[in-house]
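Peer 1: Listed here are the chains, written in short residue letters.
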Amino acid sequence: MRAFNAELSKLFSLPGIWLAFLIGAFAPAVIAALDSTAQKEKIIAGVSTRLSEVGYIGLGLGVQGVIILGVLAVSSEYLTESSESGGGNQITTSLTVVSSRFHFLLAKASAVTVISILLSIVAILTTVSATNLILGEYAPAFEASRLIGAVCYWIFTALLAFGITVLTKNGIIPLAVLMINSSVVTVSYLLAKVTKLAFYLPDKAGVDMFMFTSDSFHTPFTGGLIMFAWVAVLFIVAAIVFHRRDVTS
Amino acid sequence: MLTINNLVKHRGAQEILSGISFKARPGRVTGFLGPNGAGKSSTLRILLGLDRATSGSALINGKTFAELHNPLVTVGAALDGFGAHRMRTGRAHLRWIARASGLSRSRVEEVLEIVGLTNVAGKRVGSYSLGMGRRLGMAAALLGDPKILVLDEPVNGLDPEGIRWIRTFLRERAESGNTVLLSSHLMGELEETVDDVVIINHGKIVANGTLKEVIGNHSTLEGAFFALTSKNAGDVV
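Just so you know, the sequences run in chain order A and B. Residue numbers are given in my numbering: position 73 of the first sequence equals residue 73, and the series is strictly consecutive. Residue numbers are given in my numbering: position 205 of the second sequence equals residue 454, and the series is strictly consecutive.
Keep in mind that the hints were calculated from the coordinates and are not lab data. Just to be clear, a hint being listed does not mean it is correct.
Unchecked claim - One-sided excerpt, in silico: chain A residues whose CB lies under 8 Å from chain B: (1) Ala3; (2) Lys10; (3) Leu14; (4) Pro15; (5) Leu79; (6) Glu81; (7) Asn89; (8) Gln90; (9) Thr92; (10) Thr96; (11) Val97; (12) Val98; (13) Ser100; (14) Asp246; (15) Val247; (16) Thr248.
Cβ coordinates follow ideal geometry from the N, Cα and C atoms, glycine included.
Full structure from sequences and hints, please.
Peer 2: Put into structure tokens, the structure is as follows:
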């Protein structure tokens with residue numbers, strides 16, 4: 001519990017994390033608002049085929065906030081100080097304070113999970129408000145089960161970012177790959193056009209937890225289970241590597 | 250008490266430590282000396298559970314680092330660099346460490362006072378000078394008021410005043426019964442600080458004894474050091 005408190009304290013005292021909060025809280029609402037505006041006429045005319053997606057699309061595409069959170073939680077430990085200061089990094093301090101590496105990793109992952117939950121709740125509030133504001137009485141009803149799916153999607157995405165960064169020890173690669181994948185070019189979406197196996201990729205399966213579209217492949221529960229399995233496997237691999245690795249190497 | 254027993258470390262094909270053994274005892278300042286790359290930092294990192302030994306053991310009061318429940322109250326460590334994220338303030342850095350070890354916020358203010366950083370505690374670590382960063386590292390090591398201190402090159406980058414402060418401070422810690430192990434490649438600075446000396450060269454211990462024993466017939470520690478590290482390692486004092 002002490003290690004968990006320390007991890008929360010670390011995250012909240014890092015300026016970069018406020019960027020994650022800002023993006024996490026408002027990016028989904030902005031995306032949902034733009035989409036709602038674009039769809040408004042069709043929805044009012046009753047010809048929109050995407051009514052079930054409206055609003056939720058913001059929660060699907062707006063996960064950048066928790067990606068930054070997951071990456072930064074780990075990469076901040078490995079950020080090398082300037083060479084004049086001796087080229088140290090924070091991870092040496094962290095591991096001389098918490099002697100069990102597994103506890104350290106668990107505490108950090110728990111802190112990321114808790115902040116992701118809070119952030120996703122804020123995002124849901126802003127997104128639902130934005131959608132209702134624009135569509136008024138035509139706004140789709142937001143069901144609790146789907147919103148819980150969205151929360152899970154955010155948590156799992158943050159933990160995937162977290163696990164990958166434990167392996168790379170550097171934030172730039174996971175940040176670039178995950179941010180681009182979640183917003184600009186979705187690799188799994190393109191692959192899904194080629195092979196059905198792509199539906200088992202974590203982001204594609206995870207989206208099925210709350211986005212019910214014509215190309216949904218899994219039930220929300222199965223989708224969630226598949227994404228969770230990815231998270232679990234990645235976390236186990238990351239924990240083993242982290243446990244065995246010399247801090248200096 | 251710190252006990253290093255037949256420690257071997259390989260990194261790739263390279264042998265960094267070739268079976269080194271020594272002790273650092275309570276009530277004494279032990280100087281762990283050697284040229285750059287001799288294996289000093291590797292030894293300390295293994296002792297602190299950061300790196301893994303290929304074989305042998307490094308024990309803190311008879312336990313490995315991983316077996317310590319709340320390590321900060323047993324052993325305080327300051328390794329290379331500041332050990333802090335540059336965007337965080339010095340105070341915030343010490344606060345998360347205190348939180349991880351169940352220590353109070355007032356203890357953070359105490360150690361800031363001890364190392365003389367109170368005035369700059371609200372500034373980001375990235376703006377610290379080398380000397381200030383090293384003091385921050387010392388502050389973190391002292392937070393849990395441990396009986397054992399492990400310091401890697403503590404005088405590196407300090408100004409004469411800082412060196413003098415470290416020297417006095419470490420002598421006081423040892424005289425009140427604590428164990429102090431510090432590594433250095435600066436001989437002159439250490440002669441007045443240490444009681445026991447362990448000299449390492451190319452991953453082997455080449456001298457191990459009290460300051461007087463190690464100096465032997467040489468006029469200074471520096472003289473003894475160069476005599477021991479320039480010829481082939483072998484005779485242990």
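Peer 1: Run every hint past the structure and note whether it holds.
Peer 2: How the hints compare with the structure:
1. Ala3: holds, 6 Å
2. Lys10: holds, 5 Å
3. Leu14: Result: holds, 6 Å to nearest chain B Cβ.
4. Pro15: holds, 5 Å
5. Leu79: holds, 6 Å
6. Glu81: holds, 5 Å
7. Asn89: Interface hint status for Asn89/A: holds (7 Å vs cutoff 8 Å).
8. Gln90: Check passed: Cβ of Gln90/A comes within 5 Å of chain B, closer than 8 Å.
9. Thr92: Constraint on Thr92/A satisfied, holds at 5 Å.
10. Thr96: Nearest chain B Cβ about 5 Å off; hint holds.
11. Val97: It holds, given that the least Cβ distance between Val97/A and chain B is near 5 Å, below 8 Å.
12. Val98: holds, 6 Å
13. Ser100: With a minimum Cβ separation of about 7 Å from chain B (threshold 8 Å), the hint on Ser100/A holds.
14. Asp246: Where the cut-off is 8 Å and the nearest Cβ of chain B is about 4 Å from Asp246/A, the hint holds.
15. Val247: holds, 4 Å
16. Thr248: holds, 6 Å
In this structure, none of the earlier numbered hints is contradicted; all agree with it.
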